[in-house]
Each structure stands twice: as structure tokens, then as C-alpha cells.
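S.K.: Going line by line, the protein sequences match chains A and B. Here the first sequence stands for residues 12 to 330, where the numbers follow the numbering used here. Here the second sequence stands for residues 7 to 341, where the numbers follow the numbering used here.
Some clues are possibly wrong.
[Stated by the list, open to error] Pairs of lysine-lysine, DSBU-like flavour, derived with a Cα cap of 35 Å:
1. K157(A) x K269(B)
2. K269(B) x K43(B)
3. K273(B) x K49(A)
4. K37(A) x K269(B)
5. K49(A) x K269(B)
[Said to hold, decoys possible] Not everything, but these chain B residues come out facing chain A in the computed CB check (under 7 Å):
6. G114
7. G133
8. V135
9. A196
10. G198
11. A330
12. S331
[Claimed, not checked] Covered, in the sense of this in silico footprint (three residues per stretch, anywhere, with C-beta under 8 Å from a C-beta of chain A), are these stretches of chain B:
13. 63-76
14. 115-124
15. 160-172
16. 208-218
Hints listed in this document are in silico derivations from the structure and should not be mistaken for laboratory results. Remember, predicted model here, so these are calculated numbers, not experimental data. From the three backbone atoms N, C-alpha and C, an ideal C-beta is built for every residue, glycine too.
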Amino acid sequence: MAEEMRRDPDVFLMGEEVGQYQGAYKISQGLLDEFGPKRVVDTPITEMGFTGLACGAAFTGLKPIVEFMTFNFSLQAIDHILNSAAKTRYMSGGQLSCPIVFRGPNGAAARVGAQHSQDFSSWYAHCPGLKVVAPWSAADAKGLLKAAIRDPNPVVVLENELLYGQTFDVPDDPDFVLPFGQAEIVQSGRDITLVAWSRMVQVALDAAQTLKAEGIEAEVINLRSLRPLDIDTLVTSVQKTNRILTVEEGWPVAGLAAEIAAQIVERAFDWLDAPPSRVCGADVPLPYAANLEQLALPQPATVAAAARALCNRPSEGGA
Amino acid sequence: MAVKPRQPDPATPATPPPEELLRLYRSMLLIRRFEEKAGQLYGMGQINGFCHLYIGQEAVVTGMQAMAGPTDSCITSYRDHGHMLACGLDPKGVMAELTGRSGGYSRGKGGSMHMFSRDHRFYGGHGIVGAQVPLGIGLGFAHQYRGDGGVAHVYLGDGAVNQGQVYESFNMAALWKLPVVFVIENNLYAMGTASARHAAGDELCARGAAYGIPGERIDGMNVLSVRSAAARALAYARAGAGPFILEMMTYRYRGHSMSDPAKYRSKEEVSEMRDNHDPIDRLRQILQSQNVIDEAGLKEIDRTIKASVAAAADFAQTSPEPAASELWTDVLSEA
Ligand SMILES: Cc1ncc(C[n+]2csc(CCOP(=O)(O)OP(=O)(O)O)c2C)c(N)n1
Ligand SMILES: [Mg+2]
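Extracted from the complex, chain B is given alone in its bound form (with noise of 0.2 Å):
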């Protein structure tokens, strides 16, 4: 590529302390294991429909949300579990939702693909690949608007950068130089459909040059390589200086959903990634190597979130369904 994006200020955040480094390693263990139990759920029935998992994908949200500032908003597709998660919300309510029941946060009604929160600023689950993009730079411009300090975090597929509402968000957010990141999971996968089949060029970090938007590629597997260019992306547009690309190199282990045999790529491709790349395990190695917590510290991390997330799948199972009053709430607001 002849493009060569504008680079930040390259003011790399120091290596984090301890505390940091096992919050970082317990919000992606949060999300491994609150996705393998979805997953079980899906095969026992009590979830059902499109049920997108984030398995392998959990350094990205975790090292973004690690320097996201008190007022940032979020915004994603339909794979979102694991950004709810990162985003503090409950996983109870979130496995409620995955089954349907009262106790989620759309009370039943959106599902896996359509959850939010106003009080964590978590705007969506949104359904309809690129969606969400216009929609992200609009919280950048009520962001800017109110004068808030807030970035607008706007989670991306490589799929989903080839649709036009893209282009029309980038051109928008660096002309009004808009308070946005742009985070591009590029999980090597489209649905089937590898990065070499649906996208040309070979740097989706670099889909902004023409509008003078800086990007950079990162090691999306290792979350403190994602959590430093958070820190170098965030700070340019809480600067103003407009919206910021990252391009995020993530993989993830299991199928597009949970009906997808995944028969595209061969097993060695993903033990390859699993076995040598996880962000867990990664994290877990410097833990132990810079002896931040010993073996059983880890063993009782593990406990808790196993726990939690046992905790959340027996309210999701337990949690009623919704009332069939509930079908003909909230179509419109109380004028």
C-alpha cells in the first residue's frame, strides 16, 4: 500500500501495574468463559436463533475498555456479549437475554443480537452488518455536541468495512472532526468469506488515508498491545483532532454463529491461533513470569468467574419469561 496513514503522537502508556494486569486478565477470562457457557446453553435449547460467540476475540474490547474514559460510549455488531461485559454490564441480565427471559436487559425482547445499556453507555447489538457505524459516529457528534470529553467507540467486522454507510461515516467524522475511534475486528472472516476474497487492498487500517484519517494495524491477540494504541487513539480524539482507525488482527475460535460448521478454514489454522496466540493464555504468562500472582491466586480467580457466570446462566434459566402484556409495551414512547 502506497498510502502511509498519519501517525499519533506515539506516547505509549508504561507497561501497567499489577492491579491493572489481573483486571485485564480477569474481564478476558469473564468473557471466555460466560461465551463457553452460552455456547453449552445453545445446545441445550435454552438459546436459540443467531447466537454469535466472541471466543478469542477478548483482548480487543478488554484492552480498549481499559482506557475508556468516564463519559466514552460503545457501540458494536451483533457479536456483543463480550463488549457488554467489558462495558460493565451485569452478565446475569445479559444471559437473560440470551434466553429470553424477564430478567434481561431488553426484557426478553431484543435477544443476542440487540442488548443495551444507557446507563453504561452501551448503545447496541445492532443486527445489520455496518449499521452501526453511522450510528457510532452520531454518538461521536453528541458527544462533541455537549462538549462531554467523550469518545465514541466504534467496533467494526473486516466484513462489514466494505459497506458504502462506512464511507459516508469516515467522510463525516473527519470532516467535523468528530470524537471517534474506530476499532476494525479483523477476524480474518466474513461469515465464510476470507479478507482475500471480500476486501481489496490488503490494510483495512488504511480505508481512512483518503479522508486523512490516521490508522494503525495491532496485535489484537495481545491485549497490552491493543490496550497502548487505545491509549494513542482515544487521546487524539479526545484531543479533537478528529477520528483515529485501529485495525485489530483478532481471530476467533468457533463458528460465524452457532449454526456455522466453519468448514472454510482447516483445524490447523485455528489450534494454530488457539494453541500459540490466545490473549489469555499470553497474559497469563507475563502474570506468572513477572510473578504477579502465583498458581493458586489464579486457581481462585478462576473460581469467581466460574461462579459468576454459573450464577448468571441459572438466573437466565430461572429468570421468567416476559409477561404476554409485554408483547405490545414499548413500541412507541409516552408522548
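Isolated chain A (complex conformation) (with noise of 0.2 Å):
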């Protein structure tokens, strides 16, 4: 953020905290020092109104980045983000646009409760007018914030809060930019592809790796951009591999996974050796217990689990 920020004096961060706070999550840190007050601004807890400002402000031409403090607060917004950010330009018949980034942590943190941890993926990619990017990498969130800042359409990044605790390596390069609907192949192998975004990449490697020992070579793909998504590089694995499962934090109805499945049916049928299938969280509210929890969001025993069924292999201990 700080780089584009000196890179282009209408850019500018609002949202809750994000200044004198140093954020939530200190996300922000050091920002209102460098940039001032003008263009780091400390919102009132009133989403819908600073998005709807941001907004209007983004139809002048200015580009704001605002900054949910958790995006379960963006449902108070939505309006905006759909009505005036993603409609516009289309109403306008191409006249007005409407560069603005909209960003903060998204999906599940760790015990906070249903209101506090609801994946939006698939609410936000449903919709046109609107580009989508979910990184996982410490790269993926640089690349793809550059993206979305430099990009002259509303954009909406989706963090992840227990990402924010893990290191990776960053390059370096302030142009660094990951273009929009570009999948990663994070890892290739040859009998099923894994498909994930943000978090659950890492659940996908992590049971990638229990398979393998088991002699199943998994192809893990970080989706990275969930609109437009990158259906050419799934279709391209599933040549290879035959087989694709989609791990999706968010309920499995209606979801990101369900739209993959269609589209590889639609693209890939004749290459496939079993149906496109998907672990999704579970289909209830979040809820707070820790047991609960855990049930609740796809782990790597359940994602390796899904995958030996799709290669019929016994399960785990089994036969």
C-alpha cells in the first residue's frame, strides 16, 4: 500500500482504526506518519457511509482503498459495493468508472463466533462489475494488492487474518504486479488436482503431502483470482490429472466450488475419470466452540480423505 501510495497521490486508505491505531491488525502500521491525515482517514463505525463516500469520491477519479476491519462488517456496505461500486460504469454507459479497492480480512478467524467469520468468496465473485482476488502467499497479497490498486475497477481482496501471522517470502521489485484471473500451479503431480484460494491452499498442501506418501501425486493450484477465474489452467491440470477436487471454506451451496465443477463439466467432461467434487465448510453458522470448530472447516485429513474416495484408494487405515 505504501509503495502505491508514493507511486500515485490519489490513492488514499479509509476504514476503521486504520491511522492512529496502526489497524486492526496493523496492517497499516507506519502509514499515517508517511502519508498524514489527508490520506490515511480514521472512519466513525459507519460502513455504509464512508463506502458510499468512497465511492463518490471514486466516480471523480480519486482512488480510494477501504479497508474493512473484518469484511463480516462489509454486509453493512454491500449496497454500495454492489449498487454504486460494481453497476456504474454500465449505467453510465461506460462514462463513469469506479477505481476503488475494497480489502480486509475475510473468512474464519480463530473462535470469534457465526457474526465474525463468514467466507465471502463466493458472494462477491457472483457478481460483474466487480473483480475478486483471494491471496494466500505473502507474494500472492503483494502482487495482487498492486493489481487491484492500479486497476480502474472496483476491486475487492480478500485477506485472511490467520495469514497475516505467517511468513513468506516477498519479492522485492515495487512493480510487481500479479495479473487478475491467473491461477498459480503451486505444486504439479499427475493423479488429482487440488484447487484452493487464500487459507486452504495450505490445507491443500498440507493433505497434498499425507497423499503422497501414500502415492497419490497431487496438482495443488492457488486459484488467486476468483473473477474472473483462471478455468483454462484448471481445465489444462484436469487433462493431466483426471480428477479435481475444490477446497472451499464457505458453504458448499451456490458456492465457488459448485461454479468450478459446472464450468469443468462443461469444458472437461470427456477428460474426467470421477465427478468434480469439493470439501466446503459446513453448511451451519459458524460456531464458537472449539470442537465445533474444528468440525466445522475443512481440514487436511478431510480434504486427503475426499481425494483417496476420488482415486479409489481404501481410506486411511481401512480395507
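Given two chains presented individually in distinct reference frames, assemble the corresponding complex, making use of the accompanying hints.
M.R.: In C-alpha cells, the structure reads:
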């Protein structure tokens, strides 16, 4: 963010506790000192108001970055994200663009209960007029955020609180920008394709590790971009592995995994040796109790079990 | 502020009788000790996630509940443990919800921010800032609809006051004269943001003036002032005159939640409030100066409350985790 704010004086950050508090999760640490209160704006707890304000400013060509303390609170502002940011260019016959970034942590953190643990991937990926990305590694975070800020469209950047605490290497290049709509093959394999994004990439990698010990070689794909979706990379992978399993933290019904399955069936039906499958978050509001929370979210073991079943291998310790 | 809110009948109740002073004292002390214990259990890893303590603000809900009628209802934010105890919920069930066990009020599925008790007409426990306000006028609507004589006590923070839905609620509540008392717990901070940095105008109690809703600013660190304000506001709403706003000036001693180091305010500011305005100390001084109770009696109260909090903590750590099958229950009601 700092690099992009140095590069373009029209970029500013707005949200709750982004300035003096240095960000609820310290993402904006140091920005107030460097850019001052004009460009790092602490807001009242009025998501609908400041999101609308930022869209209005973006109509004039400013480039706001709106931080939601967590994406759960974007529900207060979802009307502006859809009706104002996503649709205005179309409704104005191309006259008005809305170059804005909506970012913040998305999905389940740890033990914060149902109202604070929701994955909005499929919600925003559903909407034409938006671009949606979900970084997993720090390089993703840098490259996708820069792409989002430089893009002339509204972009939703779904970060993850649990990943904030993880370290990865980051490219130094201030112009390291990742393109939208391009997935990353994190690990190649020939037996099954595991598709994931955000924190679920790690879950898929852990499952792949277990499977490897059993002689199943999984190809792990980090989607990075949820809208547009890089279906070509998935199709190419399925042509090699003939099996695909999507790991989605969110609810299964009408989720992104369902969309991937539909597109794979449309595009790669003849290459499939098994139905496209998915492991999703349990179809319930997220419970607080530690044991139930664990059961509600995809775990490496459940992913490995589902992969084994698709590959017609006996379950672990079974047979 | 140019706006002068309309004043209600100044029918201030007399100083409460000794038994009631003691009840107020016990109620505040229970909340204080309960919250201290919750803080300890959090430190031990028995409670996780967000946990917002009410320490310092005890006089507000205690004074309000002292004047609550038998059919009144209550709703608040995530800073809800004190409200539940003051509404008469069992400390064991509250603490066990904090630890996520099956003995908790939501059977471990809600957590610190989401607890409810229909029996006590306590409607939560809400994690989204401001959401409880329209829900709260809905409780008021139901009181009016049923004609049950109840008033909805709707608590919100100084930060929540800026949410748009609060003004939609003020308008409807005033328009339809709903029996609602809005209790703004102004603890001077919304997370790390001091009120002067988030709220235009200086009196939050005047925020209803445009809708004709009377408002008063009250010393929320003095349980007796809270109690008499509660009597006035509740009588007004109960009589069918419409909603009323009470802005309680109060203070939280701890961080916003257990994960907030609270670097945005000075140690001196906190100790000034704790040492010179503590609601429990202030009431204890009154109890002693009026000879309501002696030293031994105070010790006895202390001992009983500590024991009940210890029992709650014990229960909360030994109550089993919910059964795995509970993951799938309670999503929908049986049709
Ligand atoms: C809509 C929404 N936005 C942001 C948050 C995150 N958040 C939780 S509490 C809080 C501060 C609220 O302050 P205040 O209303 O003064 O209540 P207090 O915590 O002081 O009791 C914030 C920003 C939230 N829970 N909901
Ligand atoms: Mg506050």
C-alpha cells in the first residue's frame, strides 16, 4: 500500500482504526506517519456511509482503498459495493468508472463466532462489475493488492487474518504486479487436481503431503483470482490428472466450488474419471466451541480422505 | 449545543432503602468479580476469540435493571456479560458459554458475544456494531403490540451511535411512540478512537432531538444517579410517551477486548477513573457512611460472591464440550 501511495497521490486509505491505531491488525502500520491524516483517514463505525463516500470520490477519479476491519462488516456496505461500485460504469454507458479497492480480512479467524467468521468469496465472485482476488502467500498479497490498486475497476481483495501471522518471502520489486485471472500451480502432480485459494491453499498442500506418502501425487492450484476465474489452467490440469477436488472454506450451496465443478463439466467432461468434487465448510453458521469449529472447517485430513475416495483408494487404515 | 431536549417529569425516587442499596452493591460486585475471572480464564487459554469485559461500567446496567419492570426486555452489543448477570442469568451458564461448553446458555455455539435467554427476556449479545438498535425497537414494537406494559432497554456504545441504522430506529421509535429506552454507554472510546475523533457535536443524548426524543446525560459511574434516571426514563416510555435516550458517562478500565493493549490513552487517565470514580467504591462508601453494613458484613458479601464466581469458573471448565452432532442442530426450527 505504501509503495502505491508513494506512486500515485490519488490513492488514499480509509477505514476504522487505520490511522492512529495503526490498523486493527496492524496492516496500515506507519502509513499515518508517512502520508498524514488527509490520505490515511480514520472513520467512525459507519460502513455504509464511508463506503458510499469512497465510491462517490472514486467516481471523480480518486482511488480509495476502503479497509473493512473484517469483511463481516462489509455486509453493512454491500449495497454500495454492488449498486454503486459494481454497476455504475455499465449504467452510465461507460462514462463513470469506480477505481476503488475494498480490502480486509475475510473468512474464519479463530473462535470469534458466527457473526465474525464468514467467507464472502462466492458472494462477491457472483457479481459482474467487480474483480475479486484472494491472496494466499505474501507475494500474492503484494502482487494482487498492487494490481487491485492500479486497476480502474472496483476490486475486492479478500485477505485472511490467520495468514497475517504467517511469513513468506516477498519480492522486493516495487512493480511486482500479478495479473488478474491467473492461477498458480503451487505443486504439480499427475493423479488429482486440488484447487484452493487463500488459507485453504495451505490445507490443500498439507493434504497433498499426506497423499504423497500413499503414492497419490496431487497437483495443487492456488486460484488467486476468483473473478475472473482462470478456468483454462484448471482444464489443462484436469486433462492431465482426470480428477478435480475444490477446497472451499465457505458454505457449499451455490459456492465457488459448485461453479468450478459446473465449468469443468462443461469444458473437460471427456477427460474426467470421477465427478468433480469439493470439500467445503459445514453448511451451518460457524460455532464458537473449539471442537465444533474444527469440525466445521475443511481440514487436511478431510481433504485427503475426499481425494482418496476420488482416486478409488482405500481409506487410511481401512481395508 | 443549541438543542435542548424535552425534560420528563422530575419524579426522582427517594434514596433507596438499605436492602436495595445492598442489592445494587452485590450486583455490581458480582459483575466485577465475574469479569476479573473471565479475564483470568482468557489468560489461561480457556476462553478464546473476542472477549469484551465490562469492568468499570457496572453501575450502568445495575442501575437500569434496578428499575426494570417484570415484562421489560433487554438487548445489547458484544460487551454483554454484565447485562446477562444483571438480568438474572446464572453465572455458571454465562461462564460456560465463554469457554464454549455444552453447559453454556447457547450450548457453546454462540460464545462471549452471542448469548440469549428468552426466559429472562434477554435478546443478546450482538457482534455487529449498532445491529441491536433496530432489533431493540422491534422488542419495543412487540411490547406495544401485545400491550404487556414492558419497555425495551436498548444498550449501545458511543461508537455505535454513529451507525445509520440508529437514526432509522430513532425515527420509527418516535413516530410510533414505541416503549424503548436507549441507553448509550459512553465509555469515551470506540475501540481505539476517542469520541471527539468519531462523533460530531458533543452531547450524544441530544442525538434524538430532531425526532423529539428527550435525552439526558447521566453520571454512569454513580449507580444511584443511574437508578433515578432509569426510573424517569422508564416511566416516560411505559406511559406511552415514546422513546427516551439516556447517555451514561462511563469508563472501561480494560482494553476494548482482551487483545487490545489500549495504548491510545494514558495510565493516569485510567487510574484517575479507577481511584476516584469507581462505582463500587462509591457505593461502598455510602453503605459505610450510612451504617447500612459493617466491615464484617462487607467481607461476607465478598466471600459469597467470590464463591459463586469460583463455582461458575469450575463449572465452565468441567462442563463437557458440545457433542459433535451439535454441529448440525439448531440451524432451522422444526416446521
Ligand atoms: C459494523 C461493525 N463494524 C465494526 C466492528 C468492529 N468493532 C467491534 S466493537 C467496535 C467499537 C465499538 O465501540 P462502542 O460502540 O463505543 O462500544 P464499546 O466497545 O465501547 O462498548 C468496533 C469498531 C463491528 N463489530 N461491527
Ligand atoms: Mg465505547
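S.K.: It remains to establish, for every hint, whether it holds in the given structure.
M.R.: So, going through the hints one by one against the coordinates:
1. K157(A) x K269(B): holds, 31 Å
2. K269(B) x K43(B): holds, 23 Å
3. K273(B) x K49(A): Roughly 29 Å separates the two Cα atoms, so the pair holds.
4. K37(A) x K269(B): holds, 13 Å
5. K49(A) x K269(B): holds, 23 Å
6. G114: holds, 4 Å
7. G133: holds, 4 Å
8. V135: Where the cut-off is 7 Å and the nearest Cβ of chain A is about 5 Å from V135(B), the hint holds.
9. A196: With a minimum Cβ separation of about 6 Å from chain A (threshold 7 Å), the hint on A196(B) holds.
10. G198: holds, 4 Å
11. A330: Holds, because the Cβ-Cβ distance from A330(B) to chain A comes to roughly 6 Å (cut-off 7 Å).
12. S331: violated, 10 Å
13. 63-76: violated (count 0)
14. 115-124: holds (count 6)
15. 160-172: Held - the stretch 160-172 of chain B has 5 residues with a Cβ nearer than 8 Å to chain A, which meets the minimum of three.
16. 208-218: Coverage by chain A is violated for the stretch 208-218 of chain B (0 residues, Cβ < 8 Å).
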